[in-house]
Every structure is written in structure tokens, then in C-alpha cells.
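So the sequences go chain by chain: S and F.
So that you can map any letter, position 67 of the first sequence is 66 in numbering that gives the first Met the number 0, and since no number is skipped, the others follow by simple counting.
So that you can map any letter, position 300 of the second sequence is 299 in numbering that gives the first Met the number 0, and since no number is skipped, the others follow by simple counting.
The hints are simulated quantities; they were obtained by calculation from the structure and are not laboratory data.
Among the hints, erroneous ones may be present.
[To be verified] Some chain S residues close to chain F (C-beta under 7 Å, calculated; not the full set):
id, residue
1, E10
2, W30
3, Y32
4, M62
5, R68
6, Y152
7, Q178
8, C236
9, T302
10, D306
11, P309
[Claimed, not checked] Cross-link-like lysine-lysine pairs, in silico, DSS-like; alpha carbons within 27 Å at most:
id, chain 1, residue 1, chain 2, residue 2
12, F, K2, S, K7
13, F, K298, S, K31
14, F, K144, S, K17
15, F, K50, S, K297
16, S, K192, F, K47
17, F, K245, S, K189
18, F, K245, F, K271
19, S, K298, S, K256
20, F, K2, F, K54
21, S, K17, S, K156
Just so it is clear, CB atoms sit at the ideal spot from N, CA and C, and this is done for glycine as well.
If you want the building blocks of each chain, they are given just below.
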Amino acid sequence: MAQPQMRKPVEHFLDNKKFLHPKLAVNYGNWKYHDRPRPGVLHHVSNSGDEVWSVRAGTQRQMDVYTIRKLCDIADQFAEGRVRFTIRSNIEYIVSDEKKVAPLIAELEKNGFPVGGTGNSVSMVAHTQGWLHCDIPGTDASGVVKSMMDALYDDFKNEEMPNRVRLSTSCCEINCGGQADIAVIIQHTKPPKINHDLVANVCERPAVVARCPVAAIRPALVNGKPTLEIDEKKCVCCGACYPPCPPMQINDPEHSKLAIWVGGKNSNARSKPTFHKMVAAGLPNNAPRWPEVNEIVKKILMTYKADARPWERMADWIERIGWPRFFEKTGLPFTKYMIDDWRGSRYNLNASAHVRF
Amino acid sequence: MAKQPHATPMLDELETGPWPSFVTGLKRLAKDKDYVVDLLGHLEHSYKTRKGYWKGGTVGVFGYGGGVIPRFTEIKDEKTGEPVFKDAAEFHTIRIMPPAGWHYDTDTLRKFCDIWEKYGSGLIALHGQTGDIMMQGCTTENVQKAWDEINEMGFDMGGAGPAVRTGMSCVGAARCEQSCYDEAKAHQMIINRFLDDIHRPALPYKFKFKFSGCGNDCMNAIQRSDMAIIGTWRDNMRTDEALAKKWFAKHGLNELINDVINMCPTRAIQLKDSKDVRKDAHVSAVALNDSQSLEIDNKDCVRCMHCINVMTGALGPGKDKGATILVGGHSHLKIGATMGTVVVPFFDLKKDEDYENLVELAGTMVDFFAENALEHERIGETIERIGLVNFLEGIGLDVDPNMINNPRMNPYVRTDGWDEEVAKYNAKKAAA
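With the rest of the complex left out, here is chain F:
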């Protein structure tokens, strides 16, 4: 039995309503833990005064420089300077890297619970916006003990501060027909390459990798990661006549026209009489009934995924799969939020050595970032500061028209290297 609970009239209001209540969960923990009794008091104080009262500090584990998020209370008695909620005066979080795709067996989750019940608050967030398991609420004294047991389970700590951060990958190949590469494999290989940069923060600022198996980008990688690996394909979209006919029979012509054909962003899809379907090598066609077919010009298609989302199975990604790589997504700080920019339109991801090449490219990217970014500058801001061309030259990638929305609109540029660049372009084209 824990000590008497604090009155929490405001938090109590969050126990009403149908959605699962975190307050009810905290109260369950507070029955046995003075720690959580005081945490509830602390939080209620925030609700009453509409302010936060945790400050950072320095708490870590042996051998690592980051991964623990320290929190010390700032609610102090005015006279004595002692914490008002003394049992929750320290409330650190340990970031743990979850299995790629957030798959678990229940033994593992139960072990996490046992460890956190023993050493921590008993509150676990699955998952934080960083993608980590957040073991929330631990005293300075218990951080190392809890960590040792978690690490013994085979789990490693996530990133924090100016470091390579915990990666995120979608469910992907494990359960999604739209997956264009082995997301978990790429995720695991890259993270294992950068463990030192994750655990010992020494970069100008954070660097995040996110892995989405297709353009639906379920990991929000283009916006939220420094290097986004987005699955795609180069050959023709695959089709399945049986499923296309089944879809058409169920949904009909109006939905086909309004929801599929008209919504294609590049007008790559046409409805044709089956006898008129073009026989070109870059055309995918599938019959919808005895007389009509969908005709997709794959040269016009931008792999946006819309028609595949609507007609799942009837249409699907091709077989020549890989990824488009974008660099430089980040949130507002400091130049305003930016999306990533395409730096590799197609990166082959079929064979083991392709994945090794991806790890190597990631290494080049992080090295360039470490050497060239200013303090507290994300790679996207570096690119904005130095220009994409300088960045590409720095990491040894060739320019490609897939990297731009449109060519430059102003004439203020020195073009005295023009002939050499044309020669390079022609040589590359001849070699292709």
C-alpha cells in the first residue's frame, strides 16, 4: 500500500469518457507506489497552474553519453527549497530501441513490465515520437540497474541529443503487399553501423533515418527524417485480372472514374476498350470486364500509390524494386519546416550488397554532416545554406532532373563551366 493520494480533481475529469485513460492507469500504479502518488500530485499541479515543472540535467549509464532523458522537479517549497513532491523529485526516462516495425512477443513486454515495476514508475509509453520505447519515470539511482536488466534482454538504448537517433521502419515486408524492399533489414543494418554515433552524441545536431516501404510513407520519413528511404520500383506496375474484375464488379464505373482515373496526379491512367489497349513495353493493362480495360502508362506514373491503395491487389508495385532517397526533412527549428529532397531517384535494394551500399551511402552522409554542418544545424539546413549542388558534390552523387520541381527561375548564376558539364552528361548517358 502506498501513501495517501493527493487530491486530483482536474485529472479525475480525464477518467471520464470512453477512450482509455492514462490517469486511471497512473492511479492503478499509485496504489502501490509513493513515486506515482507524487507524480499524480506533480501533474495535477501543472494542470492547475498551466505550466510544466521538469528541468533537465545530466543522468546517464556507464559507457554511454546519451539515451537517458533526465528530469528533476522544479516544484520546490519556497522556504526550505525542498521538493514538494519528494517521492517524484526525479523522473527520468530511458529510451530503448524497439524491434524494427514494433513487433513484440508477450514475454518481452512482460519482462519490460517487471523491470519497470521493480525499478521505475511502471509507466511505459509505446512509443514516443522518436520511435523509442519510453520507459518513463525512474530515479537517478535506479537508472543503471534498470538499464542493465533491459540490456541483458538484448535491447539497446536509443539516441538523444546531437546524435544519430533511433530509426523507424514500417510494418513493410512483414505484412504489406506494397512493400518495395526489406525495411527491417535496411533499418537494422544502418542502425548497427551507427551505434557509436547513437550512444555517444558528437554530431552537430540530430540525424534521423526512417524507412518506409512505399510512397504512402507510413513512417512520415520525408518530413521527419534527415535521410528517408522510400520504397519504389522502376519497371511496370503489376496487375491482377481476377482482382481487378472483382473490384470493378463491386465498385462500378463511377468509382473507377472518380476515385481512380481522375485522381491520378499525372493522368497516367485511361479507361480503354480492351481491343484498343496499347501494346507498348511501358504500358500496364488489366481487363475490368469482357470489353473494358485500365491502361497505365508507366512512363507517366510517379509511383504515388493512390490507384494501388484504391484497387489493392488488382494493381501493385512492379518487380524491379528499390528506394528513392531523400535528405533533409526536419521541423521548424530554425529555418522553418522542410521536406526532404530527392538525392537518389532509384537505389537498388534487392541483393545483400545493395543493402551494404545503402549503409555506405548513409555513412558518407553522416560523415559529410559531421564535417560540414554548423552547430545545431540539421542536414536540410546545411543543404539550404550551401545549395544542393555543393552537397551532391560533397557526397559524390550526380545531379538528376528527378531532384527538382523545375529548373532555376532566375539568371543569377555563373555558367562558365557549361561545356564541361554537358560533356559529363553526355558521357554518362553514353555509358548508361
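The following block holds chain S by itself, in its conformation from the complex:
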């Protein structure tokens, strides 16, 4: 039977030039400096003398078409029909007339889009997919982000932190949300539960064995069926076997907990980039608003806000005050689970007489 004629795709990554705001196109590569006249607004000055004001607003990232059309209406009215998005799903409107800034802000706020996220603010959480769309999520993303940003709304709209604060959430230990000043990440606490009836049909067993970072998985025969088994003493409950082998269910309503990590920094400013470190775990996956998580995030943030010096990121601040004082000031318990035992772990131990009292 003849197949219906299928359309062959046009393979091409398009040029972004036609999407640029006209003033950005004209001054491309010719900017001189910028400042921030108020939270949520960047003011850039070109060597040509041109000036633009960028107004930044928070969005829910997972946007319905009505929200996007509303954002477009605002762009058509104020920003020559152009917008751009930041890496943290904030929208930016570029205006070439300072007089438009205040009315644009008013219009955004009227429609529920908070203006902020610039400079020393808490920007929008780096957002993953979660229960809405992911195939391996331990928790939701949109709901966690929404409840966190509700709690940090004023910190988004103002620039009152010592330096910028970047947050992320991740619905499994793969950590799609990435490194952050404060990261909230699922931490499983029990090995996967294996459905031995399904493994042979669903999973490519050698690939699953190879996926385990601690070699805890081995082939086995259960009830006459070829399957996989786990050395539960070795298992670190990372969940890496679950994506290639869904019958090895790692997610558990009770035992999939949330952990909080701090001090990740992607920028090279001052110190080299750093990874975040675990400072709390065992928090319940408490939908729909995750109050236990929010309470600790807020506590860490407020301690940082009160104690860090200007321009110190979370990692810089902790570097200065030391981990003992971090735990003391935040009131978080320090437990044996925070002592690294992964490869190279001794580099994370104190090999000196530098001790804080």
C-alpha cells in the first residue's frame, strides 16, 4: 500500500537577528555600560549614545496561550513588539524611551507579572518538569516553584540581598535544575522496588547493570524469570536505574524525601565556580505547598541576608564564616550524612589545624 506523502523537514537553525529589538540590532556589540535605576530595570548605554531600558518580570514558565498572548499585547503596546526571555524564564521588555518604563511596569503588575529579578534579588527558580510531564519525577516542579516564589515574592521584587541569589529545584537526583545558591532536590532514601514480572520484557539488563554508579545491580532469576536484583547494602538510592528500567520503581510517596543544598555558583566572579553542598535532608514531599522545604529555604536566605557582606554570594559568605558557623547560624542540624564519602571525598575534609570555635 502506498504511504501518504510525508513532509520532509527543513533542517536549519534560524538566525536570531530579525527577532532583536531594533535598538539592540543597531547597537549590537557596541554597548558601553549599564546601571540599574530600580529593581527590575536595567539601563544600557551604547557607545553610539543610544539608551535602552529593559524591564524584567517573573512568569510561571509553564504558560497557557492566554498568558503568552497577554505578554505579547504588552510588548506591542510598549516594546515595539519584541521580548526576550532570561535563562530563569523571566520575560524582558526592551524600551527605548524612559517615559515608557513606569507605565510598562504598571501594566505588568496589573496583569499579575511581578517586576524584579535583577541585581541583588532572588530570581525565579530554575524550573524542571516534575509530575506534569517527566517520566521519572519524585516530585512536582511547577508547584514547588510556585510555592517558593510566593514565599519569596518580595525578595524577587527588591534588590536587598548581599548579592544575586539563584535557586533551583530538581524532581530527581539527576538535578536538571542545576547548581544554585540554594537547590531543592529529591533525595530517595530506600532502594528501588523491583517488579520482577516486567524487568525482562522492559529493560535492557546489561545497560541497567552498567548504569549503577556503585555496581549494586546484578542479573538474577526470580520465580524462573530473568530479572535484576539489588545489593541493598551497596545501593545509594540515586535512582539512576529507574529511567532505563521503569520496573525498578525508585519513587515512593513516603520515602522519597527532599534535600536542600547551598553554595552552588556558576559565575567565575571572585571564586571559581562551585558545586552546591547538602545542608538538609529528610524533608517530606508535602504537596501542594511543601511548607517544610520553604521554611528552611527562607531561614537560610534570611540568615544569609542578615549576615553576608555586600557582593558575597552564598558560597562566598560560607567560605568566610565557615561551615560550623553556617550550621550554628541557620540552626540546621549537622549530621554524618553531610560528610562526603564519594570518590575524591578526602579533598572535602579538613586537612589542617584551621578550626573555628
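Starting from the known structure of chain S, arrange chain F on it as the hints suggest.
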């Protein structure tokens, strides 16, 4: 009008509070779409039971091997095996590569909305952590139809699976004075070179390119990409006396000392009486008032961007611009998260042919990865397994002390090729 909504008491709680609510957005869509009515029911079920219920599968479009993320419901009636939320039994996502720097005109966004309202759920994420536009929620039947219309607009599909992935680049030259190269140009040239590797996954695992115009690394490239192109400069930092004086008048001596001078990681900045400023070729100096100046020793500077961030415009990147290239950043799976490693301390990015050279280097890198990485191994893990020197030899790059924190600390190494290596080093130095 869509069918009767499911009760969603838990999701309803996410409609309170000041931040924009995705639940409110979904409910707007659910007024007209049974699809979204059932999606809300599906999500509420996850909230109640604290588990996810989407499984993958195989859905694609004609001509491509990846780029659609298939999702089929696992919430089935125990007796019949039928989906409980039957109108949302399929909820696939199409990854679309956005314009470099995520710039849009509203016509384009409105067209996306129209297409997605027609064929999909009406839910669009701007953007996913991969950097893609995520057109979320589509039936198997409609994927091809939606894709054809999106592709007709001039947009192409993003990467998924063991493939070169969608790139990300910062706002860069379009609006940032700290930009050290044309990020969008590099991004576009590299992605267009690898379209086949993006659309037809055939690599050991994913390979990501990210482009940041300076060391602030707004794209998180060092941590999150296999090949990070980070803007930098080789000559002296530029200064602007008028802006430096303006900054100093506003912020004063305490902030200058505490926030600028003391925070320089290599102590490259000193406060001097203007008459005492050194005249060396590698010194940048700028007056702060009638008698005092900042003196920056550019040989000590590591281009971290801190002082430039604090005194925007007063201090700035130099003119001899290019990029530092790092390879091998990735997240935990499987050896633990690693940052990228410097493999090219300075890559010139001024002329067109420099950009062509960058594309060529990227090609060498991906070829090496395709041939030498084990299955499901990222390039950073390959480097860890074989050692940086073997990797450099494999792709034809010379060693450089900028690649290390410090020389080796243990003696367990064969050094019987020492004299030849010294000869190579001296020859290279003489040729420079």
C-alpha cells in the same frame, strides 16, 4: 465548552499567593479543552498520591529520530486497563530550538500559540532547562501536524537522547557591554554544523554546547555543557575615567576597598596615589578623583569579572577578545558532577575565519567523543577515564599550564619521554 472539570482541591491551593499561577493558566485552557480537563485530573492524582504517572515510548516526526518527548499515561482502570484520564492519555512534548538569546517578536509567539491551541494542549514552557521551547502536551496523531506548521515558520526541532543538544547563548553582544565575542553567531554556526547529530541521535550520549560572553557565565556553561565557550580577553582591561570618577563619588572609599579591591581573587588591584601609578605596558589605571587611582596589574588578573560587575563601565574587558574553552561539564550521573576543564585558554574570536575554526574544533571534539566514549558516557567522564593528556593528544591540542590548578602531586608516572617533551616546549616557545 469543555466537559465538567475534575475536583482539584490540592492544585486549587496553588492558585493562591502572588506569584503567577500555572494552575490558573491550565484552568483557562480547560474551559475549552477536554484534553486539559483531564490533564488537571491527572496532575491532581499525582499530587494526591505523590507519584508521577507518565511513561516514555516512541513518537517522532518524519525524517527525524529525536526531539519529541513521548508521554503516555500510566493511570489505568484496574479492571478494564483503560486510561482513567482518557482525553489526556497521550501528552507528548515537542522541543523546538528558540532563537539564540531567546529573542522573539510577538508575531512569532502568537503563531506558536495558534498552532499549539489548534493541535496541542495550549501549554508552552519558555523555556526548558535544555534551553528549548517546550510545546507541552500533544497527541501522537497531532505531533506531525503541529511540527509541520512550526517548521514552516522557520523553526527547527531541538535535540533529545544521545545526540548533540540544543545550544544556549546569553544575551551577549545584543545588549551587554561585557560580551567578549558574538555569542549568537558562534551558537548558530555550531548548531547548523551539527543538525544531523541533533536530529538523528547516534552518539554515545548527549553532547551540549553553551555560549557565555564572559566569565559571569550566565548560561552556566562550565557546569552544564560538554563544550563551554566563555568569552575573555588577552590585553589590558579597559577603563573610563569619567565613569570611574562618577562611581567613586557615589560609592566612596569604603565600598571601593571592601567591595572592589579586597574582593579581587588574585589581589591584582591596588589603590595608588595617581603620581605613583606604574607605567608598565600591562598595567591598567584609572583616576578616581584628583589624587587617587586604581591600578590593575593585568598579568595578575584572571578575568573573573568581579570588579567589572561592581564598577560597570568604569572598568571593562579589553579589546583583544576571544574565548576560553572548557570541556566536560555534566551533572551527577555517573561519576558525580564535574565542571568543565580548560582545554583552550584563549581562542581568538574576531574574524569570520576564527568562528569557522571554532566550528572545526567542535567537530573534532564531537568526532572524538563519538569514537572514544563508552555508551552513556559524557565527554567529561571519558576525560576522567583516559586522562586529560590522552584527550588533548586525541584532538590535537597542546598542554598549557592554564589547564591545571596545580601540577601533579604524586610521583607515580613514567617520565621517560621527558627530554622530547622539553624540546617540544622549547620549540613552541621559540616559535611564539
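Structure-based check of each hint:
1. E10: 5 Å, holds
2. W30: Status holds, d = 4 Å.
3. Y32: With a closest approach of 2 Å, the Y32 (chain S) hint holds.
4. M62: With Cβ-Cβ at 6 Å, under 7 Å, it holds.
5. R68: Where the cut-off is 7 Å and the nearest Cβ of chain F is about 6 Å from R68 (chain S), the hint holds.
6. Y152: 5 Å, holds
7. Q178: 5 Å, holds
8. C236: 13 Å, violated
9. T302: 21 Å, violated
10. D306: The hint is violated - D306 (chain S) has no Cβ within 7 Å of chain F, the shortest such distance being about 15 Å.
11. P309: 5 Å, holds
12. F:K2 with S:K7: Between K2 (chain F) and K7 (chain S) the Cα gap is close to 37 Å, so the pair fails against 27 Å, i.e. violated.
13. F:K298 with S:K31: 24 Å, holds
14. F:K144 with S:K17: 26 Å, holds
15. F:K50 with S:K297: This hinted pair holds, its Cα atoms lying about 26 Å apart.
16. S:K192 with F:K47: Status holds; Cα separation ~20 Å.
17. F:K245 with S:K189: 59 Å, violated
18. F:K245 with F:K271: 18 Å, holds
19. S:K298 with S:K256: Within the cut-off at roughly 19 Å; holds.
20. F:K2 with F:K54: Given pair K2 (chain F), K54 (chain F) holds - Cα atoms ~25 Å apart, limit 27 Å.
21. S:K17 with S:K156: Violated - the C-alpha atoms of K156 (chain S) and K17 (chain S) are around 31 Å apart, more than 27 Å.
When each numbered hint is compared with the structure, violations occur for hints 8, 9, 10, 12, 17, 21.
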